[in-house]
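Asks: Given next are the chains, with one letter for each unit.
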Amino acid sequence: MEILSHFRTIEELTKTLSREQGLLSEMFEKRKLMKFPQGLALELVGGNEARLRKLLDYGVLVETGNTVEIESDYLNFFEEVLNVNEEISVLSVQECINTLKEYIGYFLQETNTNRKAGYQDSVRQLLKKTGFRTLKNVVDLKRNMDNAYKQEPNYIIKKKKLQNLDEKSHSIRSMIRECEKLMDNEYAFFLMANDPHMAKTCSDVKHDFVEAYHALMEIDRQIIVYINQIEQQNQLYKKIRKLKYLQDQLLIKTDTNLVQVLDESNPLWMESRQYSKIRLSLEMLRENDQIVSILRRIAERNGLRKTARTEAEPLTDEDLQDHVQRLKGVDPAEVWNAFSASSYNLFDFILRYDYKTKRDIEDHAALFCQLVILHPEECRMTGKYATYQDIEYPIIYAK
Amino acid sequence: MRNNTQRIYERLSRGEFLSVDSTEASIRHLYEDIEENFDDYADFFKEIGLQLESGNGYFYFSRIGEGKQSIEQKLESFSKWLDYLDFLKTYNQSFTAGYQFRKSNLIEQISLDIELKEKAGHLYKKYGVGSYLEIVNKLLQEMQSMGFAECVSEQDETYKITSAFHYAEELVNMIQIANEDEIPE
Numbered sequence: 001m002e003i004l005s006h007f008r009t010i011e012e013l014t015k016t017l018s019r020e021q022g023l024l025s026e027m028f029e030k031r032k033l034m035k036f037p038q039g040l041a042l043e044l045v046g047g048n049e050a051r052l053r054k055l056l057d058y059g060v061l062v063e064t065g066n067t068v069e070i071e072s073d074y075l076n077f078f079e080e081v082l083n084v085n086e087e088i089s090v091l092s093v094q095e096c097i098n099t100l101k102e103y104i105g106y107f108l109q110e111t112n113t114n115r116k117a118g119y120q121d122s123v124r125q126l127l128k129k130t131g132f133r134t135l136k137n138v139v140d141l142k143r144n145m146d147n148a149y150k151q152e153p154n155y156i157i158k159k160k161k162l163q164n165l166d167e168k169s170h171s172i173r174s175m176i177r178e179c180e181k182l183m184d185n186e187y188a189f190f191l192m193a194n195d196p197h198m199a200k201t202c203s204d205v206k207h208d209f210v211e212a213y214h215a216l217m218e219i220d221r222q223i224i225v226y227i228n229q230i231e232q233q234n235q236l237y238k239k240i241r242k243l244k245y246l247q248d249q250l251l252i253k254t255d256t257n258l259v260q261v262l263d264e265s266n267p268l269w270m271e272s273r274q275y276s277k278i279r280l281s282l283e284m285l286r287e288n289d290q291i292v293s294i295l296r297r298i299a300e301r302n303g304l305r306k307t308a309r310t311e312a313e314p315l316t317d318e319d320l321q322d323h324v325q326r327l328k329g330v331d332p333a334e335v336w337n338a339f340s341a342s343s344y345n346l347f348d349f350i351l352r353y354d355y356k357t358k359r360d361i362e363d364h365a366a367l368f369c370q371l372v373i374l375h376p377e378e379c380r381m382t383g384k385y386a387t388y389q390d391i392e393y394p395i396i397y398a399k
Numbered sequence: 001m002r003n004n005t006q007r008i009y010e011r012l013s014r015g016e017f018l019s020v021d022s023t024e025a026s027i028r029h030l031y032e033d034i035e036e037n038f039d040d041y042a043d044f045f046k047e048i049g050l051q052l053e054s055g056n057g058y059f060y061f062s063r064i065g066e067g068k069q070s071i072e073q074k075l076e077s078f079s080k081w082l083d084y085l086d087f088l089k090t091y092n093q094s095f096t097a098g099y100q101f102r103k104s105n106l107i108e109q110i111s112l113d114i115e116l117k118e119k120a121g122h123l124y125k126k127y128g129v130g131s132y133l134e135i136v137n138k139l140l141q142e143m144q145s146m147g148f149a150e151c152v153s154e155q156d157e158t159y160k161i162t163s164a165f166h167y168a169e170e171l172v173n174m175i176q177i178a179n180e181d182e183i184p185e
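From first to last, the protein sequence lines are chains G and R.
The first sequence begins at 1 in my numbering and counts up one residue at a time.
The second sequence begins at 1 in my numbering and counts up one residue at a time.
These are computed hints drawn from the structure, not numbers from a lab.
Glycine included, each C-beta is placed from N, C-alpha and C at the ideal position.
Check each hint, because a few of them may be wrong.
Said to hold, decoys possible - A partial selection of chain G residues facing chain R, derived with a Cβ cut-off under 7 Å:
#, residue
1, N154
2, I157
3, T256
4, Q260
5, L268
6, E271
7, Y355
Claimed, not checked - Rough simulated footprint, nothing fancy, chain R against chain G, three-plus residues with beta-carbon under 8 Å:
#, region
8, 246-255
9, 342-348
Turn these sequences into a full structure, and let the hints guide you.
Replies: Here's what the structure looks like:
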């Protein structure tokens, strides 16, 4: 954008800036967050278009489409002055050193004492600036490095960033060396050493450099650690992919020492899950009702309802009472003993005997035959016959 | 015999790992106890045929003498984990101990990344696990049961990888590949 006018005095500049401080500070605070819409800017200058126009005309702000931003000269100025610039500019230090050399040249050649003193002041200021810039660069370097390592999600960019920071750290270091050499060897500094201001500045700057140097060493170490960690992860990643490739190609057994590695160790995690083979204590099962209810719950949860259902109901009181069922069976020996003690004939005796159950005539006949067969020797056959209902039977007594 | 023998045995005998950076205080407590009395514990477990192994921030068991598993079983276990590692490293190269991620992010990445999608599909193919949610759930469950991952927030399902994950990485590092340079990545 063409700059139509420019500030002619510091007064004009500072007054303008001071009048628009609301807008400028707002824009400066949001410089990283967003493009500043023109409408909002207009609001902040009190809706006065002429004021906004003036800033644009004087090149404090630039217009891009619908948004405005602070012109880079001013932005840099603010950042520098407020010490918030995060960029590491090795160049600015280099520039300082170059100018320093220039002024030293002028100083050495100047014959006019007044002007010579002027150059000496410039050299002092520049030296101070160099020291300050270097130190600031180192601090920024440290912050940038941490940010790059911790916040950059992309591995390749992360590595690249760290490598770039590593390079920067090297150039800062070489710059420090150059500046130190200048201070130690340059003839001009011997001449200037008489000036107490100059001497103090020199010692301050040297101190700054030492500090920066120490910090740089630490940063270097850290960067190496970070890069190595990334590299290690990268290597691992590549290796996993290679192994995966071999596995997919079914070459993993032949092309690697995997079998040997696995053969050497028996980690438990590779074993299939072991089920606990500890048996339940019978003693405990007998004595503890809780266990039974636990078992039943487990069985139900595992769908073993059947087993749970087939278990009989507990016995009722009725079940526990005596139930007597008499069988038809008679003990023939008992009947015989009773018979042999009696005077009845066998058939009559069988008819009269108290059997406790009801017996019919066929049962009597069967028992009659049974007893005769069991005790043939003890029977006294009379040879007489009698008839009972339709059965004819021999009359037999016990001997 | 020391106080925590039973608790340590119960965890490690399941093939689990104990990590120094576990979010569970009880596990950290066990870890510290082993660390302080390593020899005592190692001697004790040696009696029952188990070697207490220590690594970079983790402990685990291995069997002394003949293992119970055949070399084929070991190969199978390893190849399963190689698949997991391959999948997880494809998800994020910095997937290692200390890494934190949300389950939803992993699932989202799967549906965005065609390579990841293909790998995820292969993980549990033989079990017939279908949806990406199921796959991720199964994977996370397995990693949790090994002690490789822990759920740090139930609410947004954030998981953290414990230092036991170093074990898997170290195992990979132990393997040497013949003609490594000739193999495509």
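Asks: Decide, hint by hint, whether the structure agrees.
Replies: Evaluation of the provided hints:
1. N154: Violated. Min distance 9 Å.
2. I157: violated, 12 Å
3. T256: Status holds, d = 5 Å.
4. Q260: violated, 9 Å
5. L268: holds, 4 Å
6. E271: Holds: closest Cβ of chain R sits about 5 Å from E271 of chain G, inside 7 Å.
7. Y355: Cβ of Y355 of chain G sits 72 Å from chain R, so the hint is violated.
8. 246-255: Holds: 5 residues of the region 246-255 of chain G have a Cβ under 8 Å from chain R.
9. 342-348: With 0 residues in contact (Cβ-Cβ under 8 Å with chain R), the coverage given for the region 342-348 of chain G is violated.
In summary, the structure is inconsistent with hints 1, 2, 4, 7, 9 from the numbered list given earlier, while agreeing with the others.
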